[in-house]
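Chains A and B, in that order, are what the protein sequence lines are. Those letters in the first sequence? Residues 187 to 595, by the working numbering. Those letters in the second sequence? Residues 187 to 595, by the working numbering.
Among the hints, a few may not be true.
Since copy identity is lost for identical chains, a pair holds within one copy or between any two.
[Unchecked claim] With a Cα cut of at most 16 Å, we get these calculated EDC-like pairs of lysine to aspartate or glutamate:
| no. | residue 1 | residue 2 |
| --- | --- | --- |
| 1 | Lys191 | Asp332 |
| 2 | Lys188 | Glu353 |
| 3 | Lys312 | Glu215 |
| 4 | Lys358 | Glu432 |
Since the hints were made in silico from the structure, they are not lab data.
There are 2 protein chains.
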Amino acid sequence: MKKIKGGVTSAKGFTVASTAAGIKYENREDMALLYSKKPCHVAGTFTSNVVKAAPVLWDRRIIREEKRDVHAVVVNTGIANAGTGKRGYMCCEKTAAKVAELLGIDENEVLVGSTGVIGPLLDMDKIYKGIEEMVPRLSDSIEAADKASCAIMTTDTHPKQSAVEFEISGVKVTLGGMSKGSGMIHPNMCTMLGYITTDACISSELLQKALSEDVVDTFNMISVDGDTSTNDTLILMANGEAGNPEIREDTNDYYTFKEALNTVTKELARMMAADGEGASKLMTCNVINAPDMFRARVLAKSVITSSLVKAAVFGNDANWGRILCAMGYSGVDFDPENIDLSIEAEGYDRMLIYSHGETADFSEEEATNILKQDEVIITADMKNGDCDATAWGCDLTYDYVKINADYRS
Amino acid sequence: MKKIKGGVTSAKGFTVASTAAGIKYENREDMALLYSKKPCHVAGTFTSNVVKAAPVLWDRRIIREEKRDVHAVVVNTGIANAGTGKRGYMCCEKTAAKVAELLGIDENEVLVGSTGVIGPLLDMDKIYKGIEEMVPRLSDSIEAADKASCAIMTTDTHPKQSAVEFEISGVKVTLGGMSKGSGMIHPNMCTMLGYITTDACISSELLQKALSEDVVDTFNMISVDGDTSTNDTLILMANGEAGNPEIREDTNDYYTFKEALNTVTKELARMMAADGEGASKLMTCNVINAPDMFRARVLAKSVITSSLVKAAVFGNDANWGRILCAMGYSGVDFDPENIDLSIEAEGYDRMLIYSHGETADFSEEEATNILKQDEVIITADMKNGDCDATAWGCDLTYDYVKINADYRS
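Isolated chain A (complex conformation) (with noise of 0.2 Å):
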């Protein structure tokens, strides 16, 4: 397992091109189209909200109830295509027409994404420009990879790219992605838009099972103000062109897999928290020693979303109380005597805050030394068991109130 530098186009025979459609921003890119010559299995995790953004409905249909196979992704920023009814979902058809008809594929083989704000009807006329724009531009290098990045960002600061080698049976094996947070994030079956392309031989089924299986522990284990978005996606394409032999279930090929997406989507997971609204710093909260992975998760995605905990995080204040306070209502069960609460970042040792039902002995100084940092880690030791799990989240700072009070002016 190797980390590359690199994002969509890293895996063999994919490209990427991307445009300023000028559909919300002047001057900036903002649609951006992903295409393999070879048709790719694909498997998807959508947003959980009962309002699903037309682009969701669109591509929930071909993966999940058509099962087909895929060539191309398109994606605007600006607009999210949420909350547009009827009129919405025909603008995703006539994008997803388009495409396919400049690139001589069906339209149901096109995904379609949006991001941005909720409401306003897609000006198809710019859409047309942008992808007749797109389409001839297409390329597999590095620098299209990079600047595609960045045409899908939304209030996120930088782009968010991660890409691994590995090996499957001996044959070289590519798997790399892109994502954008990073307002309105706190996933529910995955994330805002995350796209991540792979050259590996695998069957449909089977990739659908691993990104299963993996959102769990890593884009559903992130939140940066508790409001799950109506148009979380999260793609993950192989055209198999890698050559390997198919990977089947429950084989060493099957982990080493998993565990290359699990590096992609781990990299990306944590870009977009410590990218969050108004972030000025990462903040993981570590659950160990949990008595199932269940409990794991809910008490640190409940450390990571309180308002209160973020807050003080901003403010470099050790404020244990808070902490143990958002455990409490998190609606598992524990006994809070018998818990340990410590903080640590990179370059200061792991410091103990609460134990045994009341404040440690430490030094506040210390501790506000460990909480100026770029990532601040908080660990809560069950000591009830043997399961562990992370989430990642950010501080809640004046910029995020900025930022949302006037988003749309």
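Once you've looked at the hints, dock chain B against the given chain A.
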């Protein structure tokens, strides 16, 4: 039913005092003592947080397990006495014992309440001194109640009291109370600290029933920041001094009593939401025509809890997409194409902003004017039943972050 000026001393036979014990603040009253010479039947609802502050454990034992009548409640602000283990519980016992000694009652007839920072132990010398100062000052005056309602505040910007007079079988009965917010407010089975007194004659069992039935639509329907405190406590005391025939279950008298209780709890709940940390306005969400009460409550609470809705309301932005999104991830299933969303405020007509799955044709300027008012009312018409629920919250502002980033410093 008549609203009157007053609070915990409005009902016959209740006296109160407050003092500056120097627990956290200098020169600010931070303790209150409530006393009825006649023993009171008492009902209580407490935090659902697994981590329960010592005073919650003390009060629960007396009210729920031992079902005792009580005479007094002593409250301090500044320190929550939570996360303090056995030593914290000992503080409650010592506090109650001191009050009992000076008033000539049993220590198990004294309830204890604390609010403030989680972690530190109470300084018992200060508590003793405070109690000694308060006992001789006990008074049934409105001024004493006013001062006590100020003494129990933490980050509240103003005190919260409410009182009503009503008749039970021709006898005048009074019920009044005080409460405090204003952060870590997302009550579950009750709120931060609330104390309500009445001179009604009613059994402990029926008192508890009335309170438990009431909170689901009042204190449990407010949220400031989604954090359920370790200290949430709502106490209702009845000393029977009005001399009314005992209120029996399922009688008109009982419904009259419940209406009086609801008038006071609803007013206190609204005051707490409006005075949420950093809040610039009250945000009310009515969910109407839902298939059942449970769904109506969950939907309403999800809207007022959403950070993105709260930030949009702060920014006077009629961003209905965020309202729809918050309903969508509430866990309640509904058809987003078949609901109406509207906003209104005092002096402005209700304005439809979303209908038939798409944006309504409304004036953004007029919407902004509505959102600038002190109370913004969001109504979601589910068109799928006849159950209505209301939740109260507040906007998310820079000041919320400011208050919570340096709460301990």
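Going down the list of hints, with the structure as the test:
1. Lys191 x Asp332: Within one copy only: 10 Å inside a chain, 66 Å across chains, cut-off 16 Å.
2. Lys188 x Glu353: within (10 Å within a copy, 79 Å between copies)
3. Lys312 x Glu215: The answer is within: 12 Å in one copy meets 16 Å, while 64 Å across copies does not.
4. Lys358 x Glu432: Classified as within: same-chain Cα gap 13 Å, cross-chain 83 Å, threshold 16 Å.
Violated hints for the displayed structure: none, as all numbered hints are satisfied.
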